[in-house]
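**Student:** Quick note on our numbering: the sequence shown kicks off at 1 and runs consecutively.
Hints listed in this document are in silico derivations from the structure and should not be mistaken for laboratory results.
Just so it is clear, the structure is predicted and the values come from calculations on it, not from any experiment.
Every residue gets a Cβ at the ideal spot worked out from N, C-alpha and C, and that includes glycine.
Take these hints with a grain of salt, some might be off.
Said to hold, decoys possible - Okay, the calculated beta carbon distance ranges per label pair:
1) SER158 <-> LYS39: 30 to 36 Å
2) ALA134 <-> GLY63: 34 to 40 Å
3) PRO157 <-> ARG57: 40 to 46 Å
4) ASN33 <-> ASP126: 16 to 22 Å
5) GLU167 <-> TYR98: 26 to 32 Å
6) ASN131 <-> GLU164: 32 to 38 Å
7) TYR98 <-> THR170: 27 to 33 Å
8) GLU102 <-> GLU167: 22 to 28 Å
9) ARG57 <-> LYS146: 39 to 45 Å
10) GLU141 <-> SER48: 22 to 28 Å
11) PHE144 <-> GLU61: 32 to 38 Å
12) GLY143 <-> VAL49: 41 to 47 Å
13) GLY127 <-> GLU167: 19 to 25 Å
14) SER172 <-> ASN33: 27 to 33 Å
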Amino acid sequence: MEENQRFKKVCVFCGSNSGHRDVFSLAAIELGNELVKRKIDLVYGGGSVGLMGLISRRVSEGGCHVLGIIPQALMPIEISGETVGELRLSLLSLARGYGTMEELLEIITWAQLGIHKKTVGLLNVDGYYNNLLALFDTGVEEGFIKPGARNIVVSAPSAKELLEKMELYTPSHKHIASHQSWKVEQLAGDS
């Protein structure tokens with residue numbers, strides 16, 4: 001087995017649906033196989049169906065650790081304390097709907113702001129993210145996204161190629177604030 005030295009965990013954002021075409025399910029299984037091959041543990045949304053279920057089962061069956069994070073509102077007795085944001089070492093998104101889009105844009109924004117320096121990868125299965133990537137390019141062309149910040153997101157059509165790009169990623173943009181300035185300290189006497 002090939003062991004990854006860059007990161008040991010990846011947080012995968014994906015859906016509880018599998019989509020209408022098998023290409024998305026096959027990509028989730030391929031990604032699971034690549035994570036197992038590289039001995040990378042999985043952090044994900046905690047679902048047992050759809051793309052979430054496929055990748056989590058594959059990683060678990062392959063002997064890697066799987067951690068599902070479910071919001072307290074959906075399962076009050078679930079994990080409390082650590083959040084997905086605190087656990088992520090590298091971030092990857094498969095095809096999904098509005099929920100994943102919101103999470104994806106949030107983690108890109110956090111990288112731009114300097115809140116984290118983690119790799120953000122898009123598994124662009126069958127061109128699923130082409131329009132979103134084109135929108136990012138338009139944002140650069142129109143002066144709304146700094147050219148260096150466009151490189152926050154790496155993408156590839158296959159799990160193997162994407163993980164290789166993510167392993168080589170080095171932030172090349174200037175953060176708005178230093179990573180250290182985003183740390184929150186508890187004030188004495190604060191309740």
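**Student:** For the range 32 to 38 Å, tell me whether the beta carbons of ASN131 and GLU164 fit it or not.
**Tutor:** violated (24 Å)
**Student:** So the hint says 16 to 22 Å: do the beta-carbon atoms of ASN33 and ASP126 match that?
**Tutor:** holds (18 Å)
**Student:** Range first: 27 to 33 Å. Now tell me if the beta carbons of TYR98 and THR170 are that far apart.
**Tutor:** Holds, at about 31 Å.
**Student:** Between SER158 and LYS39, is the Cβ distance one that fits in 30 to 36 Å?
**Tutor:** violated (19 Å)
**Student:** May I ask you to test the hint 40 to 46 Å on the CB atoms belonging to PRO157 and ARG57?
**Tutor:** Taking Cβ atoms as reference, PRO157 and ARG57 lie about 23 Å apart, which means the hint is violated.
**Student:** Quick one: are ALA134 and GLY63 within 34 to 40 Å, going by C-beta?
**Tutor:** Holds, since ALA134 and GLY63 (Cβ atoms, about 39 Å apart) stay within the stated range.
**Student:** That 26 to 32 Å hint for GLU167 and TYR98 (C-beta), does it hold up?
**Tutor:** holds (30 Å)
**Student:** Is 39 to 45 Å a correct range for the gap between the Cβ atoms of ARG57 and LYS146?
**Tutor:** This hint holds: roughly 40 Å between Cβ atoms.
**Student:** Please check whether SER172 and ASN33 have a Cβ separation lying inside 27 to 33 Å.
**Tutor:** holds (30 Å)
**Student:** I want to verify a distance hint. Is the separation of the beta carbons of GLY127 and GLU167 within 19 to 25 Å?
**Tutor:** holds (23 Å)
**Student:** Range hint 22 to 28 Å: satisfied by the CB atoms of GLU141 and SER48?
**Tutor:** violated (42 Å)
**Student:** Taking the CB of GLY143 and the CB of VAL49, does the distance hold inside 41 to 47 Å?
**Tutor:** Holds, since GLY143 and VAL49 (Cβ atoms, about 42 Å apart) stay within the stated range.
Hints 1, 3, 6, 10, 11 from the list above are not met by this structure, while the remaining hints are.
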